[in-house]
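Chains as they are written, first to last, in our numbering: chain A, 1283 to 1668; chain B, 1473 to 1867.
Any given hint could be a false lead.
To be verified - Here are the simulated distance ranges between beta carbons:
(1) Gly-1570/B x Gly-1361/A: 56 to 66 Å
(2) Asp-1707/B x Pro-1498/A: 54 to 64 Å
(3) Gly-1492/B x Phe-1286/A: 53 to 63 Å
(4) Arg-1355/A x Tyr-1804/B: 53 to 63 Å
Derived by calculation from the structure, the hints in this document are not laboratory data. By construction, the Cβ of each residue, glycine as well, lies at the ideal position given by its N, Cα and C atoms.
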Amino acid sequence: MKYFPLIWRYLWRRKLRTLFTLLAALFTFALFGVLVATNVAFGMGVDISGANRLVVIHKISLIMPLPIAYQDRISAVPGVEAVTHMNWFGGVYKDPKNFFAQMAVDTPTFFDLYPEYVVSPEQRKAWDADRAGVIVGRDLASRFGWKIGDKIPIQGTIYTKKDGTRLWTFNIDGLYDPGKKGVDATQFFFHYEYLKEAASRGGDMVGWYTIRIADPQRAAEISKRIDELFANSPYETKTSTEKAFAQAFANQIGNIGAIVRYVLSAVLFGMLLVIGNTMAQSVRERTNELAVLKTLGFGNRLVLFLVIAESCLLALAGAGLGLLLSWAVVTPLVGMMLKQFLPVFYIPAWGVLLGLATALLLGLLTGLVPGIQAMRLRIVDALRKV
Amino acid sequence: MINWLSQIAAVTWLNLRTIGQRRGASTAAAFGILVVVAVFIAILSIAVGFRQTMTSTGDPATVIVLRGGSDSEMTSGIARDSARIISEAPGLLRSPAGPLASAELFVIVDVPKRTTKTDANVPLRGVQPAAFAVRRNFRLLEGRRFETGKNEVIVGQGAAKEFAGLEVGHQLRWGENTWTVVGIFSDGGSLSESEIWCDVDVLQPAYRRTGFQSVHARLESAAAYDRFKDALTADPRLDILVQRETDYYAGQSEALTALVYALGILICPLMVAGAVFGALNTMFSSVSTRSREIATLRALGFGSGPVVISVMVESLFLAAVGGGVGAAFAYYAFNGFRAATINWQSFSQVSFAFRVTPALLATGTGIALAIGLVGGLLPAIRAARLPVATALREL
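All chains, full assembly: derive it from the sequences and hints.
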């Protein structure tokens, strides 16, 4: 620590160069933050999916419906604690561009299975009592400026009402908040009973089931049991953990996650070169000074340490500021602009740690080569060279 | 004036010739710019390629008819009677076998992706015989067409590459039915190449459907569109939405294209800022290592203008090399690179190729030159202002 003032003075030996290197690192790591957030967003909630939840879909495809009668039969499977179901409504609010997910959910069980959607008991009560009621995510409400009590017209694209019209009107009874970081607060939940009563057809089927099991260890066994129960029926099922389901879904988006990682590596490699080169140059210019230090009795290891400490300090300072900028300004801004495509956009704690670790590695690597050169420096040669 | 120009030439030539002596710094700066340009082009080539696949589906003379109020084939429904009325509408091209109108059923089946082995939503389209005449670019690449009435499918070449088990001769089991792959087809790079096709009359009972979801048809000419549309819209028996296929698919590509552009545009400024500071560092150090040379030149009577220009040219040269190599790399690495993603509007997979267009290459190189310009300006001014006496004394 006592060498800190010395390292500090070295850093500011060439003010402009240090400043530019710092700024280059800052922007690189601001970008790093955005890319980590993008990766999380394309992960489609894989990280936060419940370990004790399974998803039951039609074996052929998610778009094929399942009979409502399966609810009781699944409940009877040993190890199953609770069962709920959902229907994708697929409606349009004013313009197809205003895309968001609307789900018809099973009123008594839904919020019990999904405690991460947090609703106040009063709003929950109001929703229970209102046939055309809906609970919407806070982010969705703020996107369209909705308040509790508003009537929301949604044009059905899949479901037509019994009277032949397609305009469904919902009353906002409550807003839900995400119970933890990464939960999508842009959804729209209404009563399955309402859909069943009012839809001209298709109301007696559900999109998929979500179940909660008591022991996550038994997920594979219970999945198998459920699928066997409906084997050779007209509606065969495919049961998987919510995590596997989310992962398969994220994979559908395709190589984008991989492309993001390539971009990240390319940019970081580029920066490694730029910063590394600057560091090397700065040490080369100081050959004489380092020789003087050695003459004064600084050991080889200490000189190596000083050079590496300097490059690490520079890299960490740049990364810290860059990640801070990314976390406080860039990511929230980008997230706001991409909200309708990627509802969840934030830098997780592991992203910040990964960024700082990368910076440390960058500092070590760039300091190592010139540091070793400085360590091997023979005082006589260095002082002779002018 | 001649003297001034020859001064510029002399100093610039000196700068460029001595880049080799500043190999490390120059390479680093050029490499930083290379990465920026390559990444920029790669990201936007995704959007361009995706849109190209979507918009090359159909031509101005083909139309798609959906149920009124639906926004994609997935959510649409057309009853058997309505499909018959549509196929008799004026303006349709007719062949000896009947009107070129194909009533189709569009469903999704789970097929594992080759790369991840996890299930993906692959579109399975039941078509009528006229479908092959409606899609003019349809070509069979391998095997034969499915026979009507049989559980046989043909697979688009994009789907065959992206998903496992879709080779000719393979059997596929979806629900209670087993299907055999009998052919692989291409369709001029269109969306159909991401699909699996079969006989609609076989698909209907397999999926417990009685009607269709869309009618795809070819008109006598692009100009017959209004006649066709007006006749159908005025028909009180129908509740339908008529669109040109080109408009329909352009609309379907909007969301993903907008997302990729937004990402590209947001990531770009951060990358450019990083590269500008890298370039600034390189050029400042280039000027400072040569401060004695520059001062000597000034002392010999060279003006400050030529010095400024020479530094700018060096910076632009490095940027052009970095940008050029970056653009060339992006072109060879990404042009034609195939990927598949989900199209949210139809909830199904689209296989497409990245497209690096001349416009993208030009924009990328333009960004490189802009970085070079900004990165060279301040160091150039500094070089010109260098006090001769101090610089000569400096060692």
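Okay, the hints, checked on the actual structure:
no. : hint                                : in the structure
1   : Gly-1570/B x Gly-1361/A: 56 to 66 Å : holds (57 Å)
2   : Asp-1707/B x Pro-1498/A: 54 to 64 Å : holds (57 Å)
3   : Gly-1492/B x Phe-1286/A: 53 to 63 Å : violated (39 Å)
4   : Arg-1355/A x Tyr-1804/B: 53 to 63 Å : holds (57 Å)
In summary, the one numbered hint that this structure violates is 3.
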